[in-house]
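**Q** With the hints as constraints, model all of the structure from the sequences given.
Going by my numbering, 52 is the number at position 52 of the sequence shown; the sequence numbering is gapless.
Treat the hints as calculated values from the structure; they're not laboratory data. Virtual Cβ for every residue (Gly too), placed ideally from N, Cα, C. A portion of the hints provided could be inaccurate.
As the list claims (entries may be wrong) - Listed next, with one range per pair, are the computed distances between beta-carbon atoms:
#1 55 / 21: 45 to 55 Å
#2 29 / 61: 54 to 64 Å
#3 51 / 9: 19 to 29 Å
#4 26 / 61: 55 to 65 Å
#5 57 / 29: 40 to 50 Å
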Amino acid sequence: SASINTLVAISMDRCLAICYPLKCQLSTRSVRKILLVIWTFSVAITFPWALYFTLQPIHPSIPGVT
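**A** Quick look at the structure:
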């Protein structure tokens with residue numbers, strides 16, 4: 001989720017840079033804020049899944065289980 005959203009943000013930045021080449025570019029501070037929002041959003045979305053699902057042990061001694 002975070003990687004997809006980061007790629008979307010990069011694509012939007014490149015699109016704006018092509019469409020409006022004489023406008024100000026994003027500052028480092030703005031980029032950090034955008035990335036913080038993206039990662040916070042991604043963690044907030046995936047955190048409930050981490051609570052919902054549990055790991056099930058696989059018993060290799062059972063025949064036919066790979």
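**Q** Now tell me, hint by hint, if it's right for this structure.
**A** Consistency of the hints with the structure:
1. For the pair residue 55 and residue 21, the beta carbons lie near 51 Å from each other, so the given range of 45 to 55 Å is met.
2. Distance hint for residue 29 and residue 61: a CB-CB separation of about 57 Å, consistent with the stated range 54 to 64 Å.
3. Between residue 51 and residue 9 the C-beta distance comes to about 27 Å, which sits within the given range of 19 to 29 Å.
4. In this structure the supplied range 55 to 65 Å holds for residue 26 paired with residue 61, their Cβ-Cβ distance being about 57 Å.
5. Between residue 57 and residue 29 the Cβ separation comes to about 47 Å, which falls inside the hinted range of 40 to 50 Å.
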